[in-house]
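Enquirer: Each protein sequence line maps, in turn, to chains A and B.
In our numbering, each residue carries its 1-based index in the first sequence increased by 527.
In our numbering, each residue carries its 1-based index in the second sequence increased by 151.
Derived by calculation from the structure, the hints in this document are not laboratory data.
Since the structure is predicted, the reported quantities are computational estimates derived from the model, not experimental observations.
Idealized CB from N, CA, C, for every residue including glycine.
No false leads were mixed into what you were given.
What the simulated footprint calls covered on chain A by chain B, stretch by stretch (three residues with Cβ under 8 Å from a Cβ of chain B suffice, anywhere in the stretch; the number is not a length):
1. 716-725
2. 732-739
3. 841-848
In silico DSS-like links for lysine-lysine, alpha-carbon gap of 25 Å or less:
4. LYS672/B with LYS544/B
5. LYS243/B with LYS826/A
6. LYS593/B with LYS551/A
7. LYS697/A with LYS751/A
8. LYS744/A with LYS838/A
9. LYS697/A with LYS863/A
10. LYS751/A with LYS777/A
11. LYS677/B with LYS534/B
12. LYS593/B with LYS552/A
13. LYS611/A with LYS552/A
14. LYS336/B with LYS318/B
15. LYS581/B with LYS552/A
16. LYS581/B with LYS551/A
17. LYS826/A with LYS751/A
18. LYS359/B with LYS456/B
In silico contact screen, one side only, chain A against chain B (beta carbon under 8 Å); selected entries:
19. ALA563
20. LEU565
21. GLN767
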Amino acid sequence: MSATFSTEGLGVPVEVAAIDGELKKLWEADDASTNASLMNFLVYTEEPDKLVANSEMIQEFTRENACRAVLIAMDRKAPEPSVKAWITAHCHLAHGRKSICSEQISFLLSGYSFGRLRNTVFAHLNSDLPLVFWWQGEISDLFEERLYSILDRFVFDSSVWSDPAAGFAKITEAREQTRDHMVTQDLAWTRSYHFRLALAGLFDDPVASRAFPDLEKVTIVAQKNQRTTALLLLAWVAEQASWKTVTSNKSGDVFEFDSKGGRKVTAEIEWDDSGAPLGSITLAAPDCEVAVSRLRGNKHLNQSIRTEGHKLDVSGPADADDSSGLVADQLSRGGKNSLFLRVLPRFLELLGGRH
Amino acid sequence: MSQIPGSAIAIRGKGWQLGAVSNPFREDLVSRNRPEACTVVIFGATGDLTHRKLVPALYNLAVDGELPPGVQILGFARRDWTDDFFREGLEKLNREVSRTGHDEEIWASLSASIQYHQSEFQDEAGYQSLAERLDAIDAERGGKGNRLFYIASAPEFFDDILLNLKKVGLSDEREGCWSRVIVEKPFGTTLATAQHLNSVVNGTFEEKDTYRIDHYLGKETAQNIMVLRFANAIFEPMWNKQFIDHVQITCAEHLGMEGGRGGYYDKAGALRDMVQNHLLQLLSLVAMEPPTDLSADGVRDEKVKVIRSLRQWDTPELVAENVTRGQYTSGNINGKEVPGYREEDRVDPESETEAFVAVRCMIDTWRWTGVPFYVRVGKRLPKKATEISIHFKEVPSVLFNASPGGVPDGNVLVIRIQPDEGISLRINSKLPGTTLRMEPVKMDFHYASSFGKSSPEAYERLLLDAMAGDATLFARRDEVEEAWRFIDHIERAWHESDDPPPMAEFPAGSWGPKEADEMLKGEGRKWRRL
Numbered sequence: 528m529s530a531t532f533s534t535e536g537l538g539v540p541v542e543v544a545a546i547d548g549e550l551k552k553l554w555e556a557d558d559a560s561t562n563a564s565l566m567n568f569l570v571y572t573e574e575p576d577k578l579v580a581n582s583e584m585i586q587e588f589t590r591e592n593a594c595r596a597v598l599i600a601m602d603r604k605a606p607e608p609s610v611k612a613w614i615t616a617h618c619h620l621a622h623g624r625k626s627i628c629s630e631q632i633s634f635l636l637s638g639y640s641f642g643r644l645r646n647t648v649f650a651h652l653n654s655d656l657p658l659v660f661w662w663q664g665e666i667s668d669l670f671e672e673r674l675y676s677i678l679d680r681f682v683f684d685s686s687v688w689s690d691p692a693a694g695f696a697k698i699t700e701a702r703e704q705t706r707d708h709m710v711t712q713d714l715a716w717t718r719s720y721h722f723r724l725a726l727a728g729l730f731d732d733p734v735a736s737r738a739f740p741d742l743e744k745v746t747i748v749a750q751k752n753q754r755t756t757a758l759l760l761l762a763w764v765a766e767q768a769s770w771k772t773v774t775s776n777k778s779g780d781v782f783e784f785d786s787k788g789g790r791k792v793t794a795e796i797e798w799d800d801s802g803a804p805l806g807s808i809t810l811a812a813p814d815c816e817v818a819v820s821r822l823r824g825n826k827h828l829n830q831s832i833r834t835e836g837h838k839l840d841v842s843g844p845a846d847a848d849d850s851s852g853l854v855a856d857q858l859s860r861g862g863k864n865s866l867f868l869r870v871l872p873r874f875l876e877l878l879g880g881r882h
Numbered sequence: 152m153s154q155i156p157g158s159a160i161a162i163r164g165k166g167w168q169l170g171a172v173s174n175p176f177r178e179d180l181v182s183r184n185r186p187e188a189c190t191v192v193i194f195g196a197t198g199d200l201t202h203r204k205l206v207p208a209l210y211n212l213a214v215d216g217e218l219p220p221g222v223q224i225l226g227f228a229r230r231d232w233t234d235d236f237f238r239e240g241l242e243k244l245n246r247e248v249s250r251t252g253h254d255e256e257i258w259a260s261l262s263a264s265i266q267y268h269q270s271e272f273q274d275e276a277g278y279q280s281l282a283e284r285l286d287a288i289d290a291e292r293g294g295k296g297n298r299l300f301y302i303a304s305a306p307e308f309f310d311d312i313l314l315n316l317k318k319v320g321l322s323d324e325r326e327g328c329w330s331r332v333i334v335e336k337p338f339g340t341t342l343a344t345a346q347h348l349n350s351v352v353n354g355t356f357e358e359k360d361t362y363r364i365d366h367y368l369g370k371e372t373a374q375n376i377m378v379l380r381f382a383n384a385i386f387e388p389m390w391n392k393q394f395i396d397h398v399q400i401t402c403a404e405h406l407g408m409e410g411g412r413g414g415y416y417d418k419a420g421a422l423r424d425m426v427q428n429h430l431l432q433l434l435s436l437v438a439m440e441p442p443t444d445l446s447a448d449g450v451r452d453e454k455v456k457v458i459r460s461l462r463q464w465d466t467p468e469l470v471a472e473n474v475t476r477g478q479y480t481s482g483n484i485n486g487k488e489v490p491g492y493r494e495e496d497r498v499d500p501e502s503e504t505e506a507f508v509a510v511r512c513m514i515d516t517w518r519w520t521g522v523p524f525y526v527r528v529g530k531r532l533p534k535k536a537t538e539i540s541i542h543f544k545e546v547p548s549v550l551f552n553a554s555p556g557g558v559p560d561g562n563v564l565v566i567r568i569q570p571d572e573g574i575s576l577r578i579n580s581k582l583p584g585t586t587l588r589m590e591p592v593k594m595d596f597h598y599a600s601s602f603g604k605s606s607p608e609a610y611e612r613l614l615l616d617a618m619a620g621d622a623t624l625f626a627r628r629d630e631v632e633e634a635w636r637f638i639d640h641i642e643r644a645w646h647e648s649d650d651p652p653p654m655a656e657f658p659a660g661s662w663g664p665k666e667a668d669e670m671l672k673g674e675g676r677k678w679r680r681l
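Modelling step: build the complete structure from the supplied sequences, incorporating the hints.
Expert: This is the structure we're talking about:
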């Protein structure tokens, strides 16, 4: 069955072969605006009805990230192959003065046609600018070598995958094939950025620092659908602390580690769908507790150290709730994401329960 | 194991060592030196700088999650204020000026760490009680703590503050903790006074713990100069006397002496207020050799070589030839009548202080010999703009000289420091048509268009660097003194010689005196039209 939804908001419908010419006309018609682009930002989904929502997301995204946006929705169930395209521009006043615009091309690809996704990508990039590819949803068989070999940054969210191990196997293969040229960005990892930053800051405190070798319990609270988010955070803690993974329970939410000093450390993930996606992490030693937590919908993290005679409470920024916010935050930080790659084997170990 | 300069912290294989305890969570998290929690003591806490720049900078660092948890702020000043009154004033200004707006929750968290300490700057007892107060803060925080002293007071109190800090032992290093000092400009008014101040500072704090702030170095575009030069293969091969004809550095200000600034400015003048520090710092970034590494001393070693290589204008005749000073007369800016310099509020009606200066700087190094660096700065110019322009030599006139109009001017690379930060390159292009006509066109990069995210304020970056023990963006003692050596010759020619070079005049709202234009015109060049 082919997709039926309103395409209002995607802009002007255009013939695919005429896209470049129509874009040129679009800019020639407006002398007052500046077309700016730092990258090709490609958003791909296999849920066609997300195309309009993605366009709305790009409207916000381009406020801080000038780009050529290419939105592609694939309706794989449609009986006949067809392509529809639209163009538009998202404009914002920069510092209240100049109108800065990013152009957007949207595609709805229906039915099956071999190699069409990658060819659509190849044909509509701004040359020389980096290509950031955000793959929404499960990684399908269309994620193939000729496509990923041209990507500079590949963004995905492992928390929405039904089989994270299989998804990461594809990512690992792609990284190997591209000889690590492609930077991978898991939004489940980005989601804990400020938690990690806050935790690191708290352990600069002499009291928390002294308690570090005696840590014996880690508790993470997260929504049930954020399993990979929670596991990545735990994997980071264990990897940084050089704890050796010893056991995990059957349901994969209780783990035991050996610390460098030979102390047993228990880690538990508690599920709470009424809280924030990532609700809290608490690291406890016999006489000290270090915690970072967030209430649902709150824009701040509460950071605390509790020990006898010493109490510290600080507020700090929290990570974005929405995926586009996470993508924007990550792009503003840049980098090769090498810490994620270092933590990944430990995460896969926790995910698969292989010890 | 490697030692981090300026701190008792060492990296041992993995993670950070603080005494015997490590923080492995820091590893690989952010690609910059780690700022450490400390108590920031601000001298001159009731002043404008504290309210408009320093505390908003600390607040914005907290908003971005960059401020280490546990940072305390202690304002030190003479006025009889309470903690609450101090906080209220800071909050009011933060609402007005903060780059990221005002978030109640973050402010509440930061505000809880702000205190006020009342004392005269000369009163030793006030420093004794400051020490006790800092000990109490540290005790509450669970042990010894780091201390960052920020001297933002009027310059006449610098000596008192530093000497009293030493007397009560607050500048002493304590095991596992650091004490650092940030000194605001003006860092001296002559070479002699700068040397004196340096001896007082270094008699109190070690050089590695001394941070002489020049906020121009904290600006994003100033930091980008090194990136532009050394991270792009296309520029550096041409960055020398073979390809560059000359360099211009302009710092134009449309404002005059509003808000009572005439009192300070009339004592300082454009040369001491801007050229000695900000503009010579920019010049050294443009002209320096590639450093061996990005360590503070690696970069500053190269910068100071540039300042040391400046040809000295050490006679009144050389000053007259290479430096133009001027004062504005009444005129019109943005449709408004404005007074002349000598009619400005708090300016001596017979003032001999320059409100404009243009200097031809010659750098006697292998790379730059024969390439003039023209530096100009002034008040009441047509607009506010700071930029560096690199003027490349013209192409040999062998191919296109027969075409109508010949070849337009050479290529110009412009680095705009403020406002509208960005980089542009002027190149020559053929006009469409059947004849061969050429016109210059501009390739332009604007930070604001390309990066929607606003850059951090210079003070945010610099405060964080000081907490992290990274002095790269701060001036070192020898840089400051060498800059004063260059400036002193000019000042002496103006104020101590029997036949001082004349003071030129220009109408407010114009681009400076015609004498400054003549300085370039004689060499077949002209100031860039901004």
